[in-house]
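> Under our numbering, think of the first position of the sequence shown as 10, with each following residue one higher.
Source of the hints: derived by calculation from the structure; they are not laboratory data. It is possible that part of the hints are untrue.
Said to hold, decoys possible - Here are the computed distance ranges between Cβ atoms for each label pair:
hint: 1; residue 1: Gly339; residue 2: Gly370; range: 18 to 28 angstroms
hint: 2; residue 1: Glu371; residue 2: Ala238; range: 45 to 55 angstroms
hint: 3; residue 1: Gly223; residue 2: Phe338; range: 41 to 51 angstroms
hint: 4; residue 1: Arg423; residue 2: Asp240; range: 21 to 31 angstroms
hint: 5; residue 1: Gly303; residue 2: Glu256; range: 22 to 32 angstroms
hint: 6; residue 1: Thr205; residue 2: Glu371; range: 33 to 43 angstroms
Stated by the list, open to error - Within a straight-line C-alpha distance of at most 16 angstroms, the following computed EDC-like cross-link-like pairs (lysine to aspartate or glutamate) qualify:
hint: 7; residue 1: Lys107; residue 2: Asp63
hint: 8; residue 1: Lys330; residue 2: Asp340
hint: 9; residue 1: Lys107; residue 2: Glu130
hint: 10; residue 1: Lys122; residue 2: Asp144
hint: 11; residue 1: Lys361; residue 2: Glu371
In this text, a Cβ means the ideal position worked out from N, Cα and C, and glycines have one as well.
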Amino acid sequence: MTGRRRTRSTFPRGLSGRFRPGRTGALATGALAACASLVAGCGVVPGVTGGSGDDPITVMTWAPMDTGATNRPGMPALARAYARWINAHGGLNGRELKVLTCNDHNDSVAAAKCARRAVNENAVAVVGSYSQHADSFFPVLEGAGIPYIGGYGITNAEFTSPLSYPVNGGQPALLAGLGSTLAESCGPVTFVRPDTIAGDELPALLDSGLVSGGHAGARDQRAAEDATAYDDQAEAALRRAAAGQAEPGCVVPVLGDRTGTFMDSFRRARDAYPEVRTATVLGSVDQSTVNASGGASGPYEGAYVTGWYPEVSDPAWDGMKKVIEAEAFGDNSVDAADAGVQTTWIAYTVFKGVVESLGDGEVSADAVTRALDGGLEVGTGGLTPPLRWTFQDKLSSVGFPRLVNAEVTLQVVRRGRLVSAREGAVDTTRTLRAADVA
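The whole structure should be built from the sequences, with the hints applied where relevant.
What follows is the structure in structure tokens.
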């Protein structure tokens, strides 16, 4: 969506669902009813305590840091800042919050080690974390009965594990919403994504939105997630996207931190091709990325970007900003506009609500899980719909039984600034129901 654009409405019609200022919670899936009690129904070890009486309540937050691929240092940094802030204000129900952090190194072995550390140190939950190695860490958490609250949503397993409690719709909702938007305005679409197991799950999600809007599926183009240049991939994407006869084609890079690297190569190659637009998802681009790429004169100008939450200027983020200012001032890794930081804030908001619901009772992994599975509804101050995980979710039929918040927001890069393209949020449930994710 770069270059000259024809005049069209600021509000694309492509997103399926109903926009509204208010938000409603989704219901969770009946497919997990047999495992509602993990201890009794699935034969796993009961959750450790880690927060009874006046003992500290121990949780863990992990994310990749200092790697050659996608890094999320702001997530554990925000978790530590949150702990300092909550403890300075009386703790959680008068109990100290102890936050353990771990670097998963974008590595399956390291991710499993983080999970084992959470077990060994009696964590009652893993909160607000990022890892693409769900096959390594979920078995460890499930074996110990430790809930995973507010993961980033990078893998489909986060929407299937009975111990996962996601706060957003992850990559499924972002890509389905983006595909619905692009179906109305794009010629051929080329999707550039990581050549990883997690990346293999993504094309069907983008295609669900494209197909729902009457568009053909995207050309799937794999790329190394840790490359230092993408000249060949950019050339190939441009050739495919420029092959349309009517609407200009679209290139959709979703490479995490390496999206900016791809766009550097894309910018150098694009002058040799007809007009081609770009689009992506939050997490692969934010305002700092747009600024670094040239702002209004850069390759993102006019691009649509789907996200999970309101833009960072929304007053609903004031609480998070207050904590960052008080406890993480000067820490450049904690950016209020970063989707990982925002997800971590919401995850800890949910965890706080769960602990408060337990009153003076024991705070253990098992108690947290029982509260979440028992129909507890947690508000997030308007950043998401009220969240509640039961066992009758609308998306269980397509393999996402834990996806209870399928809403996304739509932003656009206009004059070098990421701004809302449409008021309110849209529910992508209907689009995701048509996704071929088997």
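> Determine for every hint whether it applies to the structure shown.
Do the hints match the structure? See the list:
For the hinted restraint 18 to 28 angstroms between Gly339 and Gly370, the CB-CB distance of approximately 38 angstroms leaves it violated. For Glu371 and Ala238, the Cβ-Cβ distance of about 54 angstroms falls inside the hinted range of 45 to 55 angstroms, so the restraint holds. Against the hinted window of 41 to 51 angstroms, the Cβ-Cβ separation of Gly223 and Phe338 comes to about 50 angstroms, which satisfies the hint. Between Arg423 and Asp240 the beta carbons are some 29 angstroms apart, a value that agrees with the proposed interval 21 to 31 angstroms.
For the pair Gly303 and Glu256, the beta carbons lie near 24 angstroms from each other, so the given range of 22 to 32 angstroms is met. Distance hint check for Thr205 and Glu371: the Cβ-Cβ separation is about 40 angstroms, which falls inside the suggested range of 33 to 43 angstroms. Distance hint between Lys107 and Asp63 is fulfilled; the C-alpha atoms sit about 12 angstroms from each other, no more than 16 angstroms. Distance restraint check for Lys330 and Asp340: the Cα-Cα separation of roughly 13 angstroms lies within the 16 angstroms cut-off, and the hinted pair is therefore satisfied.
Under the criterion of a C-alpha separation no larger than 16 angstroms, the hint pairing Lys107 with Glu130 is consistent with the structure, at around 11 angstroms. Between Lys122 and Asp144 the alpha-carbon distance is near 13 angstroms, which keeps this suggested pair within the 16 angstroms criterion. Between Lys361 and Glu371 the alpha-carbon distance is near 14 angstroms, which keeps this suggested pair within the 16 angstroms criterion.
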